[in-house]
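First to last, the sequence lines map onto chains F and C.
As numbered in the numbering used here, residues 1 to 368 make up the first sequence, in order.
As numbered in the numbering used here, residues 1 to 77 make up the second sequence, in order.
No lab work stands behind these hints, which were simulated from the structure alone.
There's no promise every hint is true.
[Claimed, not checked] Covered by chain C, according to a simulated footprint, are these stretches of chain F (three or more residues, beta-carbon under 8 angstroms): (1) 4 to 17; (2) 165 to 172; (3) 180 to 192.
All values derive from a computational prediction rather than experimental measurement.
Where a beta carbon is used, it is the ideal one built from N, C-alpha and C, also for glycine.
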Amino acid sequence: MLPDDRADIFWSSYRGGGMDITGESVLVRKKFSEKFSVEANYFIDKVSGASVDVLSNASVIKDQRNQKSLSLDYIHDKTQYNLSYTDSTERDYISNTTHFSLSQDMFGDLTTVSLGFTDSRDKIGENNGGTNTPKVAWLGHAESRSYQGGISQIITKNLIAGTTVEVITDQGLLSNPYRSIRYRDAVPLGYSLGSQIYPNTHTSTAVETRTKYYLPYRAAVSLSYRFFSDTWGIRANTIELDYVQPWANKFIFEGRIRHYSQNSATFYSDLFPFAKSQNFVARDQNLAALTNNTIDVKVTYAFLPEGWKIFKRGTVTADISRIQFKYKDFRDIKDFSVTPAGGGFQPGTEPQYAFNATVYQVYLSMFF
Amino acid sequence: MTMQTSMKIAVASAALLLGACSSIQPWVKPYERDRLADPIMSWDRDAISSAYVDHIYESREGSRGATGTAGGGCGCN
Numbered sequence: 001m002l003p004d005d006r007a008d009i010f011w012s013s014y015r016g017g018g019m020d021i022t023g024e025s026v027l028v029r030k031k032f033s034e035k036f037s038v039e040a041n042y043f044i045d046k047v048s049g050a051s052v053d054v055l056s057n058a059s060v061i062k063d064q065r066n067q068k069s070l071s072l073d074y075i076h077d078k079t080q081y082n083l084s085y086t087d088s089t090e091r092d093y094i095s096n097t098t099h100f101s102l103s104q105d106m107f108g109d110l111t112t113v114s115l116g117f118t119d120s121r122d123k124i125g126e127n128n129g130g131t132n133t134p135k136v137a138w139l140g141h142a143e144s145r146s147y148q149g150g151i152s153q154i155i156t157k158n159l160i161a162g163t164t165v166e167v168i169t170d171q172g173l174l175s176n177p178y179r180s181i182r183y184r185d186a187v188p189l190g191y192s193l194g195s196q197i198y199p200n201t202h203t204s205t206a207v208e209t210r211t212k213y214y215l216p217y218r219a220a221v222s223l224s225y226r227f228f229s230d231t232w233g234i235r236a237n238t239i240e241l242d243y244v245q246p247w248a249n250k251f252i253f254e255g256r257i258r259h260y261s262q263n264s265a266t267f268y269s270d271l272f273p274f275a276k277s278q279n280f281v282a283r284d285q286n287l288a289a290l291t292n293n294t295i296d297v298k299v300t301y302a303f304l305p306e307g308w309k310i311f312k313r314g315t316v317t318a319d320i321s322r323i324q325f326k327y328k329d330f331r332d333i334k335d336f337s338v339t340p341a342g343g344g345f346q347p348g349t350e351p352q353y354a355f356n357a358t359v360y361q362v363y364l365s366m367f368f
Numbered sequence: 001m002t003m004q005t006s007m008k009i010a011v012a013s014a015a016l017l018l019g020a021c022s023s024i025q026p027w028v029k030p031y032e033r034d035r036l037a038d039p040i041m042s043w044d045r046d047a048i049s050s051a052y053v054d055h056i057y058e059s060r061e062g063s064r065g066a067t068g069t070a071g072g073g074c075g076c077n
């Protein structure tokens with residue numbers, strides 16, 4: 001069955017690690033028959049500030065990402081097909097993504113099997129100009145192909161479970177041009193910064209398994225676990241627990257906790273012994289060994305239960321998340337250094353970087 | 001165990017599994033699925049929010065995939 005017709009207006013804010021990102025989005029989903037529906041989404045991300053490894057390279061960023069997507073769903077018998085196209089544009093990054101998937105209900109609709117394919121083409125640039133006078137140098141391209149398979153199973157009348165596998169292969173310019181390596185050098189600071197060099201291929205596999213249980217009273221609890229592994233030597237584990245509690249047919253309260261951990265990529269180092277010490281070098285904080293923990297609280301208020309004009313009902317949702325990031329081999333060289341003002345830390349002895357982020361989301365959903 | 005014996009066991013197992021599939025009866029009847037149809041049992045009630053949260057994590061972690069959303073963008077800064 002196709003999802004309900006709906007229109008959403010969404011606002012979000014992310015603050016943490018020197019970055020301030022505001023997001024605004026509109027989504028409309030409409031069925032044109034019992035078999036065919038269309039969804040259109042427009043998303044704008046406004047970024048100001050920059051993360052610590054970008055700041056340590058003395059760049060301050062102000063940018064905007066515009067993302068447009070169009071998605072078509074078609075149902076024939078027990079098979080649902082989806083085709084979507086997403087265009088994401090920043091001053092220095094353009095990404096075009098095409099996605100196709102199908103899902104099939106079987107065994108008396110107890111089991112749903114899904115298969116998907118995503119093709120993404122990215123154009124990567126670097127803005128060497130000022131905030132208001134951009135001067136973008138286009139550096140290269142990257143292509144990505146993703147293969148997804150999933151199964152969702154009704155186990156009992158209170159319990160469902162599912163597993164998803166996704167393999168992604170990338171090729172091209174895969175490093176972030178704004179981030180730098182550092183290596184020991186005979187200069188007053190004790191280190192210099194240099195360009196990252198990544199392999200130009202990357203393949204990753206992620207497997208997620210999840211289960212959701214309807215409690216003896218009207219509430220649900222779900223648990224998911226994801227294992228990730230890639231050809232750059234990263235292994236990651238994600239575990240998430242959610243609890244959903246409706247109240248008085250007007251409110252839905254939700255709580256979520258998530259724990260994530262990863263080891264570093266094989267060619268990552270916080271401080272290389274000298275320039276060009278190995279073929280591939282990276283000091284992107286995303287490739288460092290890190291953990292993060294999220295706590296999230298969400299409340300949804302349902303209104304217009306009897307409907308109004310074309311609308312059947314409406315909901316408004318507020319969501320607050322706190323995410324705590326801790327790095328194990330990524331040192332804070334922005335705030336600490338060998339200088340007296342920096343605390344007199346020798347290179348490689350600076351405190352490990354950590355930061356907290358707060359994410360707010362507010363959205364209005366009208367169903368019709 | 002010889003290769004031939006292994007093959008026979010594999011073929012017999014596959015035949016049994018296929019036979020079992022053809023006679024599977026839904027053990028949770030359609031009229032027993034009212035709880036599973038409750039919106040609180042949905043994996044993903046709000047697509048924009050899920051895609052946004054996935055983008056936050058994907059832009060700050062080394063891992064990606066198997067979360068059910070597709071999208072683009074860099075998150076470079």
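Now for the hints, and whether the structure bears them out:
With a cut-off of 8 angstroms between beta carbons, the segment 4 to 17 of chain F has 4 residues touching chain C; three or more are needed, and the interface restraint holds. Coverage of the segment 165 to 172 of chain F by chain C holds. Counting CB-CB distances below 8 angstroms, 4 residues qualify, and the rule asks for three or more. With 0 residues having a Cβ less than 8 angstroms from any Cβ of chain C, the segment 180 to 192 of chain F misses the three-residue criterion, and the hint is violated.
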